[in-house]
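Visitor: What follows is each chain in one-letter form.
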Amino acid sequence: DAGITQSPRYKITETGRQVTLMCHQTWSHSYMFWYRQDLGHGLRLIYYSAAADITDKGEVPDGYVVSRSKTENFPLTLESATRSQTSVYFCASWSVQETQYFGPGTRLLVL
Amino acid sequence: SQQGEEDPQALSIQEGENATMNCSYKTSINNLQWYRQNSGRGLVHLILIRSNEREKHSGRLRVTLDTSKKSSSLLITASRAADTASYFCATDTGRRALTFGSGTRLQVQP
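Top line first, the protein sequences correspond to chains L and Y.
Quick note on numbering: the first sequence equals residues 4 to 114 in my numbering.
Quick note on numbering: the second sequence equals residues 619 to 728 in my numbering.
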């Protein structure tokens, strides 16, 4: 199916563990993004990527690592999870119509 | 920090009424976009207005942009229960990453 998918949809982990959130898009969009949304708030940009092997920090990058070896995939890794990283994580890609398409989100709980 | 602030934070109206949400932002923009988020779901793009446009329509949606005041408004006419959602404005300063406002929670009572 065409679109943007995220996995897992739900994740519970413990403080200090490494967690990787996956994002896959089928449109071959060049730009991809990771946002986090905390309860009752808007989205904040963590990292973004203009193309394969090109990534840049957003507003809240600390504690996160990204990679982009293939255009269609943009994984986000929490190197050592902290409780403050409990959030809903959204991946998005940018279309030539200048709009973003969002995945369904991953709900992460760090205990 | 959030680029945009939205007003009101929450809005409750009856079906058939119009809903107006406002957004203010801080820096120069290329365009401003509005997104909708149903509870527990991802965001869906509604409408985009460029910095050189003042008003745009799409179905029951009307967006205005005042770059001198750094503000925008979203009007939903003849609201329906299915319009119940959170609405976010987002600004693009040219680097394609969006900066989101804090959102307006709209409740449309049947």
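Do not rely on the hints blindly, as some may be mistaken.
What the hints assert, rightly or not - Quick list of simulated restraints, FRET-style, between CB atoms:
id: 1; chain 1: Y; residue 1: 632; chain 2: L; residue 2: 86; range: 38 to 44 Å
id: 2; chain 1: L; residue 1: 101; chain 2: Y; residue 2: 644; range: 34 to 40 Å
id: 3; chain 1: Y; residue 1: 685; chain 2: L; residue 2: 66; range: 32 to 38 Å
To be verified - Examples of chain Y residues lying across from chain L (beta carbon under 8 Å, computed):
id: 4; residue: 646
id: 5; residue: 659
id: 6; residue: 666
id: 7; residue: 667
id: 8; residue: 714
id: 9; residue: 716
id: 10; residue: 719
id: 11; residue: 720
It should be emphasised that the hints constitute simulated quantities derived from the structure, not laboratory data.
Each residue gets a CB set at the ideal place from its N, CA and C atoms; glycine is no exception.
Visitor: Against this structure, judge whether each hint is valid.
Guide: Results for each hint:
no.: 1; hint: 632/Y <-> 86/L: 38 to 44 Å; result: 41 Å, holds
no.: 2; hint: 101/L <-> 644/Y: 34 to 40 Å; result: 20 Å, violated
no.: 3; hint: 685/Y <-> 66/L: 32 to 38 Å; result: 36 Å, holds
no.: 4; hint: 646; result: 16 Å, violated
no.: 5; hint: 659; result: 7 Å, holds
no.: 6; hint: 666; result: 6 Å, holds
no.: 7; hint: 667; result: 11 Å, violated
no.: 8; hint: 714; result: 5 Å, holds
no.: 9; hint: 716; result: 6 Å, holds
no.: 10; hint: 719; result: 5 Å, holds
no.: 11; hint: 720; result: 5 Å, holds
Comparing the model with each earlier hint shows violations of hints 2, 4, 7; every other hint is respected.
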